[in-house]
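Protein sequences appear in the order of chains A and B. Each step along the first sequence adds one to the number in our numbering, with nothing skipped, and position 147 is 147. For our numbering, count along the second sequence from 1 and bump the result up by 324.
Subject to a maximum C-alpha distance of 25 Å in a straight line, what follows is the list of computed PhoX-like cross-link-like pairs (lysine-lysine):
{"no.": "1", "chain 1": "B", "residue 1": "K427", "chain 2": "A", "residue 2": "K284"}
{"no.": "2", "chain 1": "A", "residue 1": "K18", "chain 2": "A", "residue 2": "K237"}
{"no.": "3", "chain 1": "B", "residue 1": "K427", "chain 2": "B", "residue 2": "K389"}
{"no.": "4", "chain 1": "B", "residue 1": "K427", "chain 2": "A", "residue 2": "K237"}
{"no.": "5", "chain 1": "A", "residue 1": "K18", "chain 2": "A", "residue 2": "K208"}
{"no.": "6", "chain 1": "B", "residue 1": "K389", "chain 2": "A", "residue 2": "K254"}
{"no.": "7", "chain 1": "A", "residue 1": "K18", "chain 2": "A", "residue 2": "K154"}
{"no.": "8", "chain 1": "A", "residue 1": "K154", "chain 2": "A", "residue 2": "K237"}
{"no.": "9", "chain 1": "A", "residue 1": "K237", "chain 2": "A", "residue 2": "K205"}
{"no.": "10", "chain 1": "A", "residue 1": "K205", "chain 2": "A", "residue 2": "K18"}
{"no.": "11", "chain 1": "A", "residue 1": "K254", "chain 2": "A", "residue 2": "K284"}
{"no.": "12", "chain 1": "A", "residue 1": "K254", "chain 2": "B", "residue 2": "K427"}
Source of the hints: derived by calculation from the structure; they are not laboratory data. Since the structure is predicted, the reported quantities are computational estimates derived from the model, not experimental observations.
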Amino acid sequence: MCETCGCNGSESGYILLKPAGADGQFSHTHHHEHNHKHTGNDDHHLSHGHSHDPNHMHDHGLDHQQEAGHMHDHGQDHQYDHMHDHGHDHQHDHIHDIPDTTVEQSRRIVVETDILHRNDLLAERNRGYFEGLGIVALNLVSSPGSGKTTILEKTIRDLSGQLIYVIEGDQQTTLDAQRIFSTGTPVIQVNTGNGCHLDAEMTNKAVKELNPQANSLLLIENVGNLVCPALFDLGEKYRVVIVSVTEGDDKPLKYPNMFQSSQICVINKTDLLPYVDFSMERFKNYALRVNPALFFIGLSATTGEGFENWIRWIQEQVGGNSER
Amino acid sequence: MHEFSVAQHIIEIALQSAKEHHVDHISSVEVEIGQAAGVVTEALEFAWESAVRDTALQNAALLIKEIPVSVVCRSCGMQYDPQEIFDLCPRCGDMNPDIIRGKELRVSAIIT
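Construct all of the structure, not just a fragment, from the sequences and the given hints.
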């Protein structure tokens, strides 16, 4: 159940929240995907074990000539319209001519469809929308605690002249979105509920709520998770994987899909390098093994060390876009 | 557990296909999962059990065919089947693999 409104969310249910008013309270828009429990077999061709012959016979148990909308001749003139009770029950014992499907031979129907086809199609629609408006969308992925939100806050501050929109993905809470909202940046929170990643549909709905202007920067903070978000294209221009030096330098080998599907790798918390067992060289070597084209930016969002490289890279993307 | 989303997508594709072919009943669904696709087959099987509940595929079996990984070294052109995705090229020792097989995530067929 949805904790905000009490409506019945489902396992695939997610909630969009956007700030209302200056107090930073998050209002709740309804974009739930409800799982329907079909008690009947409505809408489905499947699971019907029989079909109705249009000319099938009903055994009514009563002999009567009347049709459903039948008329009675009363021999009296009434001044008003009235209803008659029939005083008898119609017993509909249907005798169906049920074709025996068990004699039908098992058949193999070739499908050959990509499982993520629908997500990929919608992601391409998102991408086309972004391109048309000159919006640079970045999908920021990382494990929890890598410092994504702190990087986001500082990025917003350092790019003060740039129009920025943020989509915040989290399983629960609006804590991160509140941090972004306090910077004055338009933000939509997507609570994925039991979901462990954002997908193209959530992004699509969130973008419609945000209604970003042309030539803006859209920063999408995915759910903190180095596994699941790797599979789901949101329609972003670049996927940025953020790691911190406190996580260990073997992350690329443990989560190859995420490093393979990203174009940019931000290595955060470089100010802590003297205190942790993290070899920058070994990390890059591992990451390049799974993705030889990966581009690295090392920085510390706390001290600001190296942050200018990240800002410059974003400015190149946004600038390149608006010149077109 | 993105495997639950994957299972839901499989169900959707299978039901759509059944509708298009005017099929009343699906006994099993055949899928191909590449070993480098980022889906854990055991987790998918587990997710399938709960994802099919209250759908027309409630009793349908999920038949998973795992596709092993094969890569071509971009440096020397050697094709090899790595044990791990990040294994170096056995010929030139370079780390420049282009995955040519093993990323599949596909519904291949439905069986009535």
